[in-house]
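Same order as they appear, the protein sequences are chains A and B. Quick note: the first sequence uses our numbering, first residue 7, plus one each step. Quick note: the second sequence uses our numbering, first residue 5, plus one each step.
Because the hints were derived from the structure by calculation, they are not lab data. Each hint should be verified, as a subset may be incorrect.
Restricting the straight-line Cα-Cα distance to at most 27 Å, the calculated cross-link-like pairs of lysine-lysine (DSS-like) are [said to hold, decoys possible]:
| no. | chain 1 | residue 1 | chain 2 | residue 2 |
| --- | --- | --- | --- | --- |
| 1 | A | Lys42 | A | Lys19 |
| 2 | A | Lys284 | B | Lys127 |
| 3 | A | Lys275 | B | Lys13 |
| 4 | A | Lys89 | B | Lys258 |
| 5 | B | Lys127 | B | Lys258 |
| 6 | A | Lys19 | A | Lys201 |
| 7 | A | Lys284 | B | Lys258 |
Okay, here's what each chain looks like letter by letter:
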Amino acid sequence: MIGEGIQSTNQRKHSYVRDRVEVGFFTDPSVCIGCKACEVACKEWNHVPDDGFIWSGNSYDNTGHLGASTWRHVMFLEQDRPKGKQITGLMGLLNPQSGPGRTGNLPDLRLEDPFRWVFLSDVCKHCEEAGCLEACPTGSIVRTEVGSVLVQNDVCNGCGYCVVSCPFGVIDRRPEPLADAGGAFKCTFCYDRQKSGLVPACAKVCPTESIVFGRLDDLRARGAERVQQLKQSGYNDAQLYDPTETSVRGIHAFFLILGEPEAYGLPPKPQVPTIYLKSAWASAFATAIASIIVTLVAFAFFS
Amino acid sequence: MTSNSPPEKRLEELREQAWKDGVVPGKGVNVAGGPIPRKPGYYGQPVVKPPVWTWQVPLYFFMGGIAGMSAVIASGAVIFHYVDLARVAMWLAAIAGAILSPILLIMDLGRPRLFLNMLRVFKHRSAMSMGAWILSLFGACAVPGLIALELHAHQIFPATLDQLLRVAAGIFIFGSAIFGTLLATYTGVLIGATAIPAWFLHRTLLPIHFGTAGLGSAAAVLELLGHRTPALNFLGFYAAGVESALLIWLSVDKHGAADRAIHEHGSGWLIRIGEVLNGPLAIVLRVFGQVPLAALSFLLGALVSRVGWIAVGKVSGSDPESVFAAERY
Numbered sequence: 007m008i009g010e011g012i013q014s015t016n017q018r019k020h021s022y023v024r025d026r027v028e029v030g031f032f033t034d035p036s037v038c039i040g041c042k043a044c045e046v047a048c049k050e051w052n053h054v055p056d057d058g059f060i061w062s063g064n065s066y067d068n069t070g071h072l073g074a075s076t077w078r079h080v081m082f083l084e085q086d087r088p089k090g091k092q093i094t095g096l097m098g099l100l101n102p103q104s105g106p107g108r109t110g111n112l113p114d115l116r117l118e119d120p121f122r123w124v125f126l127s128d129v130c131k132h133c134e135e136a137g138c139l140e141a142c143p144t145g146s147i148v149r150t151e152v153g154s155v156l157v158q159n160d161v162c163n164g165c166g167y168c169v170v171s172c173p174f175g176v177i178d179r180r181p182e183p184l185a186d187a188g189g190a191f192k193c194t195f196c197y198d199r200q201k202s203g204l205v206p207a208c209a210k211v212c213p214t215e216s217i218v219f220g221r222l223d224d225l226r227a228r229g230a231e232r233v234q235q236l237k238q239s240g241y242n243d244a245q246l247y248d249p250t251e252t253s254v255r256g257i258h259a260f261f262l263i264l265g266e267p268e269a270y271g272l273p274p275k276p277q278v279p280t281i282y283l284k285s286a287w288a289s290a291f292a293t294a295i296a297s298i299i300v301t302l303v304a305f306a307f308f309s
Numbered sequence: 005m006t007s008n009s010p011p012e013k014r015l016e017e018l019r020e021q022a023w024k025d026g027v028v029p030g031k032g033v034n035v036a037g038g039p040i041p042r043k044p045g046y047y048g049q050p051v052v053k054p055p056v057w058t059w060q061v062p063l064y065f066f067m068g069g070i071a072g073m074s075a076v077i078a079s080g081a082v083i084f085h086y087v088d089l090a091r092v093a094m095w096l097a098a099i100a101g102a103i104l105s106p107i108l109l110i111m112d113l114g115r116p117r118l119f120l121n122m123l124r125v126f127k128h129r130s131a132m133s134m135g136a137w138i139l140s141l142f143g144a145c146a147v148p149g150l151i152a153l154e155l156h157a158h159q160i161f162p163a164t165l166d167q168l169l170r171v172a173a174g175i176f177i178f179g180s181a182i183f184g185t186l187l188a189t190y191t192g193v194l195i196g197a198t199a200i201p202a203w204f205l206h207r208t209l210l211p212i213h214f215g216t217a218g219l220g221s222a223a224a225v226l227e228l229l230g231h232r233t234p235a236l237n238f239l240g241f242y243a244a245g246v247e248s249a250l251l252i253w254l255s256v257d258k259h260g261a262a263d264r265a266i267h268e269h270g271s272g273w274l275i276r277i278g279e280v281l282n283g284p285l286a287i288v289l290r291v292f293g294q295v296p297l298a299a300l301s302f303l304l305g306a307l308v309s310r311v312g313w314i315a316v317g318k319v320s321g322s323d324p325e326s327v328f329a330a331e332r333y
């Protein structure tokens, strides 16, 4: 927490990998300042190549979305809603009837003009029931001691099945001509740093501790506490985004969000695609048996 | 507040227009609550990732379907003593299933030289892993089955050894038929059990479509190779009949925005054209005795609809609204 200094879990050395403790990220947009230091630190530490510099026109977000070469992505939401109890609009400084200036000529002048800018650093969710891990046919994607989901780059043969199996659209295959092209990439939860007792690069660098790294249990408690705090401060639409009720069964990198998940491009009810296997295979087996029977009938009765 | 510099002036004009009309035409920054209408989700960005697969994958679905179901037809032909048909069908199974299919699959990999990693693990919860094993086992049955059948047909060895060859050919051909039915149908499971809305909403239909299209395509190729038998004609009628029923199923079982990629855009047209070619049109041509044309129509339809289903995945996966809508089901 801010003010904890070197006592913060973001700054302390740890032995979570050795102790097999489930860890997580708690990302809190209410204190994020949109500096994108997490994006930069992630790229620097993990040697993630740049994937082009395109002006998107979407607020200050020219990163776009998570992908093979973007493992942290700071979203910039511009919403016509108040942020907490903040006072917006002209704040009574100008009176449209008698005040100075040209504003008096404008029709339908709203004195209250609610507006908020929300920043949220998106990342791989490291699902409890991970679609990419289940789908991977090479065993390249594994679960680590700390509960995170890791792609072993040297094993991945780039089949692309994890890409369509992730309910959050996180993992992607890296296109040519980037370094290590052809393989699937996503956030590693800085597994290499964690093995040495270090905090993931994005959390370490976050200047406001909007990204907090720590034990999953602690973070969940902290997230619930933070939501209460914000609600008391007038953030009525603050909620945790941690889909524990769906087949994903919770995520290791969960978020506090203001408003609906859809506005952040987060699926409201993500499902791990393995739940569809039963009905699909039943249909496949029925078709298989029907094909054999029909072929035998064809040869037996139509000769 | 006012400035005389041209850009500032222009900005003031835009602001005034935005206040008055609520909208400013032309391209600009997409500000929620601002003068430009907002896009669904987060600036219209995809929520799930569309498939990265290219042309090799639909062609593989097509080849795998032909190969797998050829082995089924070969088994039927062996049981009812159509040795010539069985030989051609096994050649088709071996070439399409043991050579062309693996080549297409390897070509589609991001790192083709690591293709053997597919057989590092066996994961029944991954349709891709099951598919890799099914394809391998199919090849491991179809190739020896073909060799044994050919040696037996040419009577190269003395009687006792030939008897042994006959038994071996039977076992391998039946084995390839079992794995063949799975090879033709698992591809439906492969795309049905994903996070792409238009795919997973039709996960029951897809294996039926892919499997039956495989059976009809195998029969069609054999007919085009000169085997105009009543049995193959019956299989052609059956496959086209099932495909026509699936066409009706698809047009009744609609899910609004969630699967609109099947009914709209270019992807929707590919699905429709494919289904008409291998459904109603193939039946009509067969009724009028135009067997080669019916076979061609079915093959073309089977290929176009495979391409269509991958195109549907790309459109549906890029559409954030389809993901949000699908989660209500």
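27 Å Cα cutoff - pair lysine 284 of chain A, lysine 258 of chain B: Measuring from Cα to Cα gives roughly 22 Å; hence the hint holds.
27 Å limit on alpha-carbon distance, applied to hinted pair lysine 19 of chain A and lysine 201 of chain A: With a Cα-Cα distance of about 11 Å, the restraint between lysine 19 of chain A and lysine 201 of chain A holds, given a limit of 27 Å.
Restraint check for lysine 127 of chain B with lysine 258 of chain B, where alpha carbons must lie at most 27 Å apart: This hinted pair is violated, its Cα atoms lying about 33 Å apart.
Restraint check for lysine 284 of chain A with lysine 127 of chain B, where alpha carbons must lie at most 27 Å apart: holds, 15 Å
Lysine 275 of chain A paired with lysine 13 of chain B [C-alpha distance capped at 27 Å]: Distance of about 47 Å is beyond 27 Å: violated.
Lysine 42 of chain A paired with lysine 19 of chain A [C-alpha distance capped at 27 Å]: holds, 24 Å
Hinted pair lysine 89 of chain A and lysine 258 of chain B, Cα distance within 27 Å: violated, 40 Å
Going through the hint list in order, the structure does not satisfy hints 3, 4 and 5.
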